[in-house]
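Trainee: Listed below, chain by chain, are the residues.
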Amino acid sequence: MFRSHILVCGGTGCTSGNSMKIYDALVARIQKEGLENEVHVTKTGCFGLCALGPIMIVYPEGAFYSQVKVEDVDEIIDEHIIKGRIVTRLLYKETVADDGSIKALNDTNFYKKQHRVALRNCGVINPEKIDEYIAYDGYEALGKVLTEMSPQDVIDEISRSGLRGRGGAGFPTGRKWQFAKNSPGNKKYVCCNADEGDPGAFMDRSILEGDPHAVIEAMAIAAYAIGSDQGYIYVRAEYPIAVQRLTIAIKQAREYGLLGKNIFGSGFNFDLDIRLGAGAFVCGEETALMTSIEGHRGEPRPRPPFPAVKGLFGKPTILNNVETYANIPQIILKGADWFASMGTEKSRGTKVFALGGKIHNTGLVEIPMGTTMREIIYDIGGGCPNGKKFKAAQTGGPSGGCIPAHLIDTPIDYDNLIAIGSMMGSGGLIVMDEDNCMVDIAKFFLEFTVDESCGKCTACRIGTKRLYEMLCKVTDGTATMEDLDKMEELCYYIKENSLCGLGQTAPNPVLSTLHYFRDEYEAHVRDKRCPAGVCKKLLRYQIVADKCKGCTLCARNCPVGAISGTVKEPHVIDPNKCIKCGVCMDKCKFGAVIKA
Amino acid sequence: MAKKIDVPFNGTKKQEAKLREAIAEIKVEHKGQGLMIAALQRAQDIYGYLPEAVQQIIADELGVSLAEVYGVATFYAQFSLYPKGQYKIGVCLGTACYVKGSGDVYKKVCDTLHIEGGQCTDDLKFSLDATRCIGCCGLAPVMTINDDVYGKVTPDEVEGILAKYRD
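Chains A and B, in that order, give the protein sequences.
For the first sequence, the working numbering gives the first residue as 1, with consecutive numbering after it.
For the second sequence, the working numbering gives the first residue as 1, with consecutive numbering after it.
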């Protein structure tokens with residue numbers, strides 16, 4: 001028995017902030033003090049509150065230390081571990097009650113409204129130790145399935161739960177499994193899509209890093225349900241920690257007989273291999289992903305035949321996303337009714353969102369479906385920093401759209417998001433404030449899709465490029481009002497004439513910003529003005545004569561000599577020379593330089 | 001367009017033996033199916049990039065045409081046909097970083113080193129790539145140099161950070 005447990009976050013966010021050096025320093029200090037039999041240090045998966053990383057929690061007190069530095073380790077050991085005095089200066093402020101006592105983490109605003117199903121073990125167990133997963137009911141669902149349920153029972157249970165694919169499109173998982181089960185064939189495959197390509201979503205990675213066995217267990221359950229004996233996890237090579245933990249987890253599962261031949265003595269065989277993606281957004285599309293596992297260029301192919309009939313290596317295949325799988329063991333153990341009791345009528349359960357951008361509490365949140373955007377952004381996320389005004393939230397990444405401030409009370413589920421012109425996507429949720437230009441954001445996503453279009457369909461390959469060029473005209477101030485109409489027309493053309501989801505959804509960021517922020521587009525076109533002050537070509541830096549003291553600081557710092565004026569007299573910027581670098585504005589101590 | 005550094009290929013016999021051995025291993029691990037991407041990944045680990053001579057070895061070993069290897073190598077962002085710098089700079093242009101201004105950081109790196117994304121400086125010291133989300137959005141905007149991660153970077157800090165890697 002240990003008297004104290006120290007949990008250090010080993011997710012990518014905290015690791016980037018040196019949490020593994022903190023872990024090493026803690027272990028070294030504890031050994032030096034001879035406390036290794038009293039104090040246990042563990043690295044865990046992601047706690048979710050990435051904004052405050054590196055994070056560690058010390059139990060039994062539940063002290064949640066945030067933004068810890070390697071230099072703080074000695075103080076934590078000397079004060080907290082040896083003397084029993086909590087280091088208050090490092091505590092996450094939300095966890096400190098008015099009387100100075102420590103509040104439970106689940107009582108803080110960030111965690112209060114969350115409901116962790118897919119993330120339940122992240123930040124709780126050591127993902128590199130199978131015994132810890134087993135101690136939290138791990139592999140019990142697989143045992144139950146293999147000893148008490150028929151394959152059809154499993155599919156019925158998943159269907160009844162109402163679980164829909166968490167990768168974005170929201171196809172009912174049970175139905176997908178049923179198709180694959182019904183397909184004739186003695187060789188079938190179970191695949192996991194861990195090619196998280198949405199730039200700004202990292203929930204799948206966090207699950208793989210924090211709870212890899214949940215995915216392995218779920219894939220074994222799926223294999224039993226459809227009659228498969230081989231699985232593949234297709235994971236981004238850019239996720240080294242996730243790949244490493246998955247590799248360890250698969251090895252441990254094999255050693256424990258939870259993967260391999262005759263699992264639980266039931267006669268069921270299943271093994272699992274990792275395939276590393278090589279960086280192509282289109283490989284998140286199911287047929288492209290399978291083509292990539294086969295070793296080719298990851299180009300999508302027409303459906304039908306659907307993968308459930310003819311998938312990987314021409315055999316019936318199911319492909320689910322990481323988060324979808326992470327829900328499966330819980331549904332088997334707690335029952336379909338329990339799962340269906342969460343969420344909305346057509347979107348059951350919870351959804352994990354990666355909250356990022358202009359928001360206080362950047363991180364990973366898991367909320368019941370039907371939670372409103374307002375609750376996510378203000379109650380959980382803490383709103384926009386620096387008192388800025390919330391402008392829009394973007395969901396669904398390059399396939400999704402923007403949700404403007406006036407729709408902030410929309411309950412989040414698959415159907416509501418589609419209805420307002422966005423989509424669930426994999427769960428990236430980027431918050432934007434008044435300083436973000438919506439045309440610029442649309443252009444950002446289009447640049448991404450131009451880059452990532454595989455080139456197979458003309459409408460997507462050339463159409464996205466032309467659309468991008470039109471957006472450049474808007475941000476350069478050279479577009480006409482007709483261009484806006486042409487853009488819209490082109491958007492629909494691309495959607496209708498592309499083979500796969502990438503092309504069909506690529507125009508969404510443009511369509512949704514055109515719909516909700518048309519005035520901003522028009523300001524660029526008509527008034528040659530960027531209301532958010534982002535588009536450089538439309539910016540004019542000016543000096544307000546009343547505020548200028550004539551200190552000459554701006555003129556001395558201007559790299560192109562565009563500012564003139566005499567000492568103690570107001571200065572002037574020559575717009576023809578100005579390169580809009582913004583140095584003058586940064587340097588001015590009197591706020592006399594403005595963007596107009 | 002992109003200024004690429006063309007250096008003569010100087011792969012060693014030892015590297016070649018290692019690659020052929022790695023491909024043999026992959027054939028066993030993958031049970032003979034879907035070998036190409038894994039082979040290219042191992043080759044890039046060994047050589048650092050994938051020049052034509054290396055692609056030819058893979059084509060020979062897998063019994064496919066050089067064109068097919070080239071087709072796969074040029075499809076995926078991970079593969080580079082040109083050598084990378086001693087210090088590989090990545091600026092995250094994921095959405096979370098972008099809305100917090102990583103585009104300006106990226107531009108500052110370009111201007112400072114006089115290279116564009118995908119390029120390498122003439123002395124092979126630095127190469128620059130725009131990366132997709134690397135998953136530490138709490139630190140946005142993020143810049144990486146080899147294994148070092150720099151969070152909440154402003155354009156003003158770029159020169160100071162790069163200076164640490166110049167001799």
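Since the hints were derived computationally from the structure, they do not count as laboratory data.
For clarity, every value in this text was computed on a predicted model and none was experimentally measured.
From the three backbone atoms N, C-alpha and C, an ideal C-beta is built for every residue, glycine too.
One or more of the hints may lead you astray.
As the list claims (entries may be wrong) - Subject to a maximum C-alpha distance of 25 Å in a straight line, what follows is the list of computed DSS-like cross-link-like pairs (lysine-lysine):
1. K152(B) <-> K577(A)
2. K577(A) <-> K107(B)
3. K389(A) <-> K125(B)
As the list claims (entries may be wrong) - The following label-pair restraints were derived from C-beta to C-beta distances:
4. V28(B) <-> K187(A): 14 to 22 Å
5. G71(B) <-> T247(A): 22 to 30 Å
6. L333(A) <-> K31(B): 30 to 38 Å
7. T112(B) <-> Y136(A): 21 to 29 Å
Trainee: Hints first: check each against the structure and report whether it holds.
Mentor: Evaluated hints:
Our distance criterion of 25 Å between C-alpha atoms is broken by K152(B) and K577(A), whose separation comes to about 31 Å. A C-alpha spacing of about 20 Å is found between K577(A) and K107(B), which places the hinted pair at or below 25 Å, so the restraint holds. Of the supplied pair hints, the one linking K389(A) and K125(B) is violated, its CA atoms being roughly 43 Å apart against a limit of 25 Å. The beta-carbon spacing between V28(B) and K187(A), approximately 19 Å, falls within the hinted interval of 14 to 22 Å.
Checked against the hint of 22 to 30 Å, the C-beta distance between G71(B) and T247(A) comes to roughly 29 Å, which is consistent with it. The hinted range of 30 to 38 Å is satisfied by L333(A) and K31(B), whose Cβ atoms lie roughly 33 Å apart. For the hinted restraint 21 to 29 Å between T112(B) and Y136(A), the CB-CB distance of approximately 49 Å leaves it violated.
Hints 1, 3 and 7, counting from the list given before, are not met by this structure.
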